[in-house]
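Starting from the known structure of chain A, fit chain B onto it as the hints suggest.
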Amino acid sequence: MLKIWYYGGVSYMTDAPSYFDNVYEDEWITDAFVKEMIQDVDSSTVISPHIIESPILGAITPRELSGGVKVLILMLKDDSFVYNLSNCGNNCAKWVLKIAEQKDLTVYLQHMIRFEGEFEIQIMNTGKIVHNPKEYVLELIEAERLADER
Amino acid sequence: MKGRYHFRVKSKKVLFDFTLRRNITVIKGDSATGKTTLLHMLYEYLRTGRESGYSVSADAPYYVYLRREVGMEWEDILYRLKDTIIFIEENNEFVFSEKFAAFVKASGNYFVLVNRAPFKMLPYGVHEIYEIVTAGKHADVKESYHYFRELYSNYPIAENNRAACAITEDSNAGFQFFSHVLKDSRLVSAGGNGNVLRCLEENAQGDVLAIVDGAAFGAMVEGCVEYINIQGNQRITLWMPESFEYLILRSGLIPSGELADILASPWDYAEAGDYESWERFFTQLLISVTRDTPLQYSKHALNPSYLQDRSVRKITDTFPPAVKSCLDFKKTLHPFGSE
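So the sequence lines, in the order shown, correspond to chains A and B.
First residue of the first sequence? That's 1 in this note's numbering, and the numbers climb one at a time after it.
First residue of the second sequence? That's 1 in this note's numbering, and the numbers climb one at a time after it.
Here chain A stands alone, though its shape is the one from the complex (with noise of 0.2 Å):
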């Protein structure tokens, strides 16, 4: 399940991306899910580890990706952090749903990244679960407001 802290109540990771670039591993960029991925959000095809082919840009190496793409990447390969789910546009919502129906997964929020359809998000700090946007949109506000009050 995926779980939100927004606006606090958690230590996370303020530069996903620079992380990324120091850590990842050529495994990581090969498997299946990342290639969808990578493909679905940065609209560029891995040819190999260290070959990625960018329609605007040419052939770029994985520290080329976007940060949105690689905070995804970490999401599901690396937890030793928190990520910061705000490095992440709305095309990365969906890929985010689907890591976090592989294992838990706790992100921090910092803006309303918009979720589509039914799902289940547990905003951690209000303990709520949500299964929609608007359960989800209507909690973050509450979250934000119990932020503000601290």
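Everything labelled a hint here was simulated from the structure, so no lab data went into it.
These numbers were taken from a predicted model, which means no experiment stands behind them.
Quick reminder that beta carbons are idealized off the backbone N, C-alpha and C, glycines included.
There may be inaccurate statements among the hints.
Covered stretches of chain B, going by a simulated chain A footprint (3 or more residues, C-beta under 8 Å) [stated by the list, open to error]:
| hint | stretch |
| --- | --- |
| 1 | 31–38 |
| 2 | 111–125 |
| 3 | 221–227 |
Under the rule of at most 25 Å between Cα atoms (straight-line distance), these lysine-lysine pairs were calculated in the BS3-like manner [stated by the list, open to error]:
| hint | chain 1 | residue 1 | chain 2 | residue 2 |
| --- | --- | --- | --- | --- |
| 4 | B | K2 | B | K120 |
| 5 | B | K324 | B | K314 |
| 6 | B | K120 | A | K134 |
| 7 | A | K94 | A | K134 |
| 8 | B | K299 | B | K105 |
| 9 | A | K35 | B | K13 |
Chain A residues, not near chain B, derived (Cβ > 10 Å throughout) [to be verified]:
| hint | residue |
| --- | --- |
| 10 | N22 |
| 11 | W28 |
| 12 | A32 |
| 13 | F33 |
| 14 | T45 |
| 15 | E53 |
| 16 | T61 |
| 17 | D79 |
| 18 | V82 |
| 19 | L97 |
| 20 | Q102 |
| 21 | D104 |
| 22 | T106 |
| 23 | K128 |
This is chain B only, laid out in the frame that chain A set:
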């Protein structure tokens, strides 16, 4: 610092083309749109010029802050910059601090902040929040062309909204004006832009029109828009003119030869070091052009001259059709009807 600044940032593969108009610009949006690439190119050109392999055409000095340097805090680097456009990459947590907000307001520099999180300490405009869009190949350039697109250029408009309730963020002059115009409607003052969302929640029955000062609503707009998007049974229109004072200035009510020029290019007049947002600038401008006239303006108590039929009509004429359609003006002081 004031003015409008155009950037063309080029590599052999990409071209970013954008113009900055205010002291605070925010870039957010989807992942993989080129935010980091843009800042990296700007940084490399700053570092080594043409030897970077990039070209940057900018009509003002700029600086790029990517991350903390060893042994140096952000203050050590940014405090010395004057009349500079400062780009700051995300993952720099200091941008949310009071100290940074005070620096932004006082320094007179322009700031371009790459971040999805709202900057609650900063008064920035909804029209200066952008995403980077790829237009693909342009006929006249070989590179992939990227430009900035406003994220909130169109305020949420609910079709057939009959606005049983109107909310203004203002509790002073603007509220007094709308109280008069909508005297048979229920009008609620949020008492500040930070309370608009709570006001929307408290008025969850019937159609609502919320009127906010767009020039300083940047930090609040995402929360309100997301809230409005999840309302299934309630029509809410969020109208974000620059400010109430801007509506008056635009109305033609005040005879001033220079006013049209100022409103056509506020960036040429709004000195960043003097005005933390255009909301302040337009307020000061209105106070200035009406001083010692029958329309002398005060934000705290609305001069009754603004409530006369002619004034009301002039000001409400500036309202966009979608907003006019929300309001039942038949019940008002006939601002659109005969005298």
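Hints, verified against the model:
Given a C-beta distance limit of less than 8 Å, the hint that chain A covers the stretch 31–38 of chain B holds, as 7 residues qualify and 3 suffice. Three residues within the 8 Å Cβ limit are the bar, and the stretch 111–125 of chain B against chain A gives 4, so the coverage statement holds. Requiring three or more residues with a Cβ within less than 8 Å of a Cβ of chain A, the coverage given for the stretch 221–227 of chain B holds, as 4 such residues are present. At most 25 Å may separate the alpha-carbon atoms for a hinted pair to count; B/K2 and B/K120 meet this at roughly 23 Å.
At most 25 Å may separate the alpha-carbon atoms for a hinted pair to count; B/K324 and B/K314 meet this at roughly 13 Å. As the CA atoms of B/K120 and A/K134 are separated by approximately 23 Å, the hinted pair is consistent with the 25 Å bound. This hinted pair checks out: A/K94 and A/K134 have alpha carbons roughly 16 Å apart, not beyond 25 Å. Note on B/K299 and B/K105: the hinted pairing holds, with a Cα-Cα distance of about 21 Å set against a maximum of 25 Å.
A C-alpha spacing of about 23 Å is found between A/K35 and B/K13, which places the hinted pair at or below 25 Å, so the restraint holds. No Cβ of chain B approaches the Cβ of A/N22 within 10 Å, the least distance being about 13 Å, so the stated non-interface status holds. The beta carbon of A/W28 is kept farther than 10 Å from every beta carbon of chain B, the shortest such distance being approximately 17 Å. Its beta-carbon lying about 20 Å from the closest one in chain B, A/A32 satisfies the requirement of being farther than 10 Å from that chain.
The beta carbon of A/F33 is kept farther than 10 Å from every beta carbon of chain B, the shortest such distance being approximately 17 Å. Distance check for A/T45 against chain B: the nearest CB is about 13 Å away, which clears 10 Å, and the non-interface claim stands. The claim that A/E53 lies off the interface holds: its Cβ sits roughly 13 Å from the closest Cβ of chain B, which is beyond the 10 Å cut-off. Every CB of chain B lies more than 10 Å from the CB of A/T61, the least distance being 14 Å, so the non-interface label holds.
No Cβ of chain B approaches the Cβ of A/D79 within 10 Å, the least distance being about 20 Å, so the stated non-interface status holds. Separation of A/V82 from chain B is adequate, the least Cβ-Cβ distance of about 14 Å exceeding the 10 Å criterion. With 10 Å as the threshold on Cβ separation, the claim that A/L97 sits away from chain B holds: the shortest Cβ distance comes to roughly 15 Å. At roughly 20 Å, the least C-beta separation between A/Q102 and chain B is larger than 10 Å, which holds for a residue marked as non-interface.
Consistency note on A/D104: stated as away from chain B, and its beta-carbon is indeed over 10 Å from all of that chain's, at 23 Å minimum. Non-interface status of A/T106 relative to chain B is upheld: no Cβ of that chain comes within 10 Å, the nearest being about 18 Å off. For A/K128, the non-interface assignment is confirmed: its Cβ lies about 16 Å from the closest Cβ of chain B, beyond the 10 Å cut-off.
Comparing the model with each numbered hint stated earlier shows that all of them hold.
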